[in-house]
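**Student:** Between the sequences and the hints, there should be enough to build the whole structure, so can you do that?
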Amino acid sequence: MAVLTRRSVLRSSLGLAAAGTLARPYIANAAATTAEVWWTQGFVPEEDAAFKSMVADYEKASGNKIEYSITPYAALRQKEISAITSGVVPDMMEIADFAITPLNAWDNNLVDVNDIVEPMKSQFLQTALDCCYHYNNVTKTRAYYITPMKVAAIPFHIWKSLVEKGGSKISDLPKTWDAFMDFFKPVQKGLRAAGMRNVYALGYQLTANGVDPLNTFNAWMVAYGGKDLVTPDGKLHTDDPKVKEAVIKAIVNLTTPFKEGYVPPGCVNWNDADDNNAFHSKLMVMDFDGTISTEVALYHKKEEYDDILTHGLPLSNEGKELPSQVAVFGPIIPKGAKNLAAAKEFAKYMIQPKVLNEYLKAGLGRWALPIPDMVKSDPFWLKEDPHREAYLTQSVISPTFPIYEAYNPAMAQIGAEHVIMTGCFDVMNNGVAAEQAAGKAFKRMEEIFAKYPIAQS
Amino acid sequence: MTSTVIDIGQPPIRRHSALLRSLRGSLKGSEYTWALAFLVPYIAVFFTFVVYPALYGLWLGSEPSLYTELYSDPIYQSTIVNTLLFLGVGVNLKMFGALLLSGFFMRPGWWVKGLLMIFVLPWAVPALPEFISIHWMLNGEWGLLNNVFYDLFNVDGPSWLNEHWLALGSAIYSHIWKWMPFWTIILLAGRMSIPTEIRDAAKVDGATGIRSFIYISFPLLANLYLICTLLSTIFTLGDFNSVTFVTGGGPANSTHVLATLGIRDAFELAQPRLGVAAVMSALPVMIPLVIILMRKLKTAEVQL
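Line by line, the protein sequences are chains F and P.
3 is the number of the first residue of the first sequence in the numbering used here; add one for each residue after it.
5 is the number of the first residue of the second sequence in the numbering used here; add one for each residue after it.
Honestly, the hints are just simulated from the structure, not real lab data.
Bear in mind that the values here come from a model prediction, so they are computed numbers and not experimental data.
Yeah, the Cβ is synthetic: ideal placement off N, Cα and C, and Gly gets one too.
Not one of these hints is a red herring.
Listed below are the simulated EDC-like cross-link pairs for lysine to aspartate or glutamate, each with C-alpha atoms no more than 16 Å apart in a straight line:
| hint | chain 1 | residue 1 | chain 2 | residue 2 |
| --- | --- | --- | --- | --- |
| 1 | F | 261 | P | 167 |
| 2 | F | 453 | P | 73 |
| 3 | F | 284 | P | 145 |
Cβ-Cβ distance ranges computed for the label pairs, FRET-style:
| hint | chain 1 | residue 1 | chain 2 | residue 2 | range |
| --- | --- | --- | --- | --- | --- |
| 4 | F | 166 | P | 72 | 52 to 60 Å |
| 5 | F | 261 | P | 156 | 25 to 33 Å |
| 6 | P | 130 | F | 35 | 42 to 50 Å |
| 7 | F | 342 | P | 63 | 21 to 29 Å |
| 8 | F | 263 | P | 173 | 19 to 27 Å |
| 9 | P | 156 | F | 374 | 52 to 60 Å |
| 10 | F | 452 | P | 137 | 42 to 50 Å |
| 11 | F | 261 | P | 154 | 15 to 23 Å |
**Tutor:** This is the structure:
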């Protein structure tokens, strides 16, 4: 048996250190064609399987290696922020919220992907491109920082059977905004009369969590004519009387049904997926929520899947078509990425129309394809399924505009601070008037916008 | 001449060897090298996992502009009030309840021991499932509590987590429920170490029941109680779970405490430096508490 002496321990330690040093060139060589990628976990397993399949195809075609990890979005968001703060970053990461890109583009923490996006621009939805085009406060210019892969608008999801059980007909759904919302109120009464104690007419997020509340508010505000709250030049227009009126109307018309008992009270504490869960448990007849994750989650339960009606935005009260606000998801490349070339090569591969189309189709079409011509030519999107047809029509074919966060990162902070939803809560629970709540929200918005001045070229 | 040269050269050598001697202690030859070899990993771990993160945190939150930004956030001001309430109400109710219960669990009888076993369960079970269960129980539409109300009295209970005071109260209650058993056990151990002779002598003098508590138990437990309260205040200041998983900081960010606001600022606002600053702003409370605690520990060495 060998005797452990001081010399032998030191000799072994030196040997191990030398072995580690000699092994490094191999790792470095491997890294030249290897990219570390962080991706968001899908809402259904098919989405993750689709990503893995795309990676396998890429590795086979290129000979490169993709070292990926798939993480739920909330955990991924924390991981991404920590990585950028510490400087220890992967080569590519999919955005997990609406704040990370505008704020980090502003701080010059991201690599611009103009060379990836520019050659493909003509094929992509303009709104999708606008969502990726962010301002850099160091270079004082805008550039593409996201590679556009997935677009999403916010449709309505309606239980057809509950509408019928509540004594109304789906075919009677009104075409204009306020009438559309009011349609569900007698349905609630009918359902309660039929013995369903805990059922509500309307479902939407009035919470101070996640990105859904601001999206919800924006849709109502746009319906009342307030689309120009933030303009593409990144300016805030709280001084515009038309915008102010729309904001007040949106606050009133979101909070009044809550106060009247037509919205589940728990919605003030919902997290991102809580409205999906509440809708699935038939707590409400209608839900307003981004993507068709609500439907896709029931894809293998055909009866329930078919019982849902996916519906785009109604017309304005004046009978005009309303544009849908659209968000984009896709990868960003943080500055400090060790394998930049490999990351960019993978991004270029992923946004090839055929590759992207197959990837999104394999994910059951939860995310809309941001390539209008392909959406029209591939029957998968507009012909084979009523949910996808309504969703893609709203997200890609009908008028759209980008989330305000793309115009100015201030809106990312406003969304994350839930400035407007705090105002709504004051109206619902603290007896504050809508005008007063709007005034308080405007004051805070102006303070935040003052931190993000955008130079006009 | 020769003696002068020796006088100049000797003192540094003497000092050097004296330093080495004090570092080596009684270790000789290779023992010293072995001691170093065993010590270095611990020092490395200490610096990597204690010193470096603490310094990195201080550096992250060192910009004065962060504090200006923090104070301009309306949520921060309500968070300070919540934190003080959480500490003031939560810690004192919990500790006083633990003090009383520790007296109860001193009683003889097998059923008291059985009850103690059940009582410590909330502390023994992992916090996350407990707080998530409480969150679900308090749900206004389908939670257990309101369903029981409806079944028993045919009335709908309140939306527990929708109103600021009810929600904050629920978070404080959850914290007390989770941690009171732990402090009860600590104070019970303190009570058990009071010599029985003292109690017996007091009994002879007629001090029983509440008089025994006031004149015997409490004075002897006072130091322990104070130290436990200080420790509990420090722990509670960093309690993230009770608020995050019961109220989620809601409704409308109105029940945040500093520990949860730090995470909200860091990861929801995507401003980690601001998050660190939020947590660091508790230092003016934390540092005096630690100093008082250290002093109490020093003076209370030979007392209960």
